[in-house]
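Number of protein chains: 2
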Amino acid sequence: MKKLSRRLFLGNTTALSLAGFFGLMPAADKSKQNKKGDFVHHVYFWLKNPESAADKAKLIEGLTTLKKIKPIRLARIGEPASTNRDVIERGYQVSWLLFFDNLEDQEVYQKHPVHLKFVENYSNLWDKVIVYDSVDV
Amino acid sequence: MKKLSRRLFLGNTTALSLAGFFGLMPAADKSKQNKKGDFVHHVYFWLKNPESAADKAKLIEGLTTLKKIKPIRLARIGEPASTNRDVIERGYQVSWLLFFDNLEDQEVYQKHPVHLKFVENYSNLWDKVIVYDSVDV
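Chains as they are written, first to last, in UniProt numbering: chain A, 1 to 137; chain B, 1 to 137.
These are computed hints drawn from the structure, not numbers from a lab. Among the hints, a few may not be true.
Stated by the list, open to error - DEER-style ranges, computed between Cβ atoms:
1. B:Trp46 <-> A:Val108: 16 to 22 Å
2. B:Glu104 <-> A:Ala53: 48 to 54 Å
3. B:Lys58 <-> A:Glu120: 24 to 30 Å
4. A:Asp127 <-> B:Val129: 33 to 39 Å
5. B:Leu116 <-> A:Asn121: 43 to 49 Å
6. B:Glu89 <-> A:Asn49: 19 to 25 Å
7. B:Arg90 <-> A:Val119: 19 to 25 Å
8. A:Glu61 <-> B:Ser52: 42 to 48 Å
9. A:Glu51 <-> B:Trp46: 17 to 23 Å
10. A:Ser123 <-> B:Val114: 38 to 44 Å
11. A:Val119 <-> B:Asn84: 31 to 37 Å
12. A:Ala54 <-> B:Asp86: 26 to 32 Å
13. A:Glu61 <-> B:Val87: 18 to 24 Å
For each residue, glycine too, the CB sits at the ideal point set by N, CA and C.
One chain only, chain A, in its complex shape (with noise of 0.2 Å):
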């Protein structure tokens, strides 16, 4: 059943709308549950010009191309946010956070013809990349 949410949830309006309506899914609730099994890729980029503001612009374009790449469930393309704690880690210029729905899923992502172009054609912009690629418990 949570299975089946879910992919109602992201693949057919009509059928989580109506279930919606008829009380079945809480979607308040449901937007704050683990989803079993699930995949968090999320990257962070040390830009080679960290002031260059057009540097960063154009990792960001590159970024927003690999959007479209078919089983990603959510992509966020992030920037440091003001908040200053020690155990807070700063130095990076651009964060890029992808769910996808298993390790495998991930993998298509990663040989994606689109996905190989964005590194050619822009990893020369990058100093470092720090990757934490994590599944829910």
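The hints should help you fit chain B onto chain A, whose structure is shown.
Chain B alone, transformed into the frame defined by chain A:
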């Protein structure tokens, strides 16, 4: 309109359902969109005893208590995936990913009694945390 849609989406199942039913809100597309101004708080924990399944379970228990804090929009507890490349950081044991509507909501969370209690009761378990706070570009 964008802001309104989000509020409906998260807070009002019936309105969402009706909007979706009449084709106003394509859920599948929405799920991939950036939500301007939103706040992503991602914490990675390195345990003092990285091999201890008991300590990891205890930390997960503690994080689970935090999920009820009101302004949290999404909460996910993760562990490193099986992926293994040079750029992937796999040294941490637990990932804690939260979405908030904005910086202010994240501050409510930081100062919430349940959060302070969590730090008091569970911080002995970890050796290091790294926090990445980001906002959508």
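Here's how the hints hold up against the structure:
Separation of Trp46 of chain B from Val108 of chain A is about 31 Å and departs from the stated range, judged on CB atoms against 16 to 22 Å. For Glu104 of chain B and Ala53 of chain A, the Cβ-Cβ distance of about 26 Å falls outside the hinted range of 48 to 54 Å, so the restraint is violated. In this structure, Lys58 of chain B and Glu120 of chain A break the distance hint of 24 to 30 Å, their C-beta atoms being roughly 45 Å apart. The hinted window of 33 to 39 Å between Asp127 of chain A and Val129 of chain B is violated, with their beta carbons roughly 24 Å apart.
Checked against the hint of 43 to 49 Å, the C-beta distance between Leu116 of chain B and Asn121 of chain A comes to roughly 47 Å, which is consistent with it. A C-beta distance of roughly 24 Å is found between Glu89 of chain B and Asn49 of chain A, which places it inside the suggested range of 19 to 25 Å. Between Arg90 of chain B and Val119 of chain A, the C-beta spacing of about 21 Å keeps the proposed range 19 to 25 Å intact. Between Glu61 of chain A and Ser52 of chain B the beta carbons are some 45 Å apart, a value that agrees with the proposed interval 42 to 48 Å.
For the pair Glu51 of chain A and Trp46 of chain B, the beta carbons lie near 31 Å from each other, so the given range of 17 to 23 Å is not met. At about 42 Å, the beta-carbon gap between Ser123 of chain A and Val114 of chain B stays in the expected band of 38 to 44 Å. Remark: the range hint 31 to 37 Å for Val119 of chain A to Asn84 of chain B is contradicted by a beta-carbon distance near 18 Å. Look at Ala54 of chain A against Asp86 of chain B: about 28 Å separates their beta carbons, and that is inside 26 to 32 Å.
Between Glu61 of chain A and Val87 of chain B the CB atoms are about 21 Å apart, so this pair conforms to the stated range of 18 to 24 Å.
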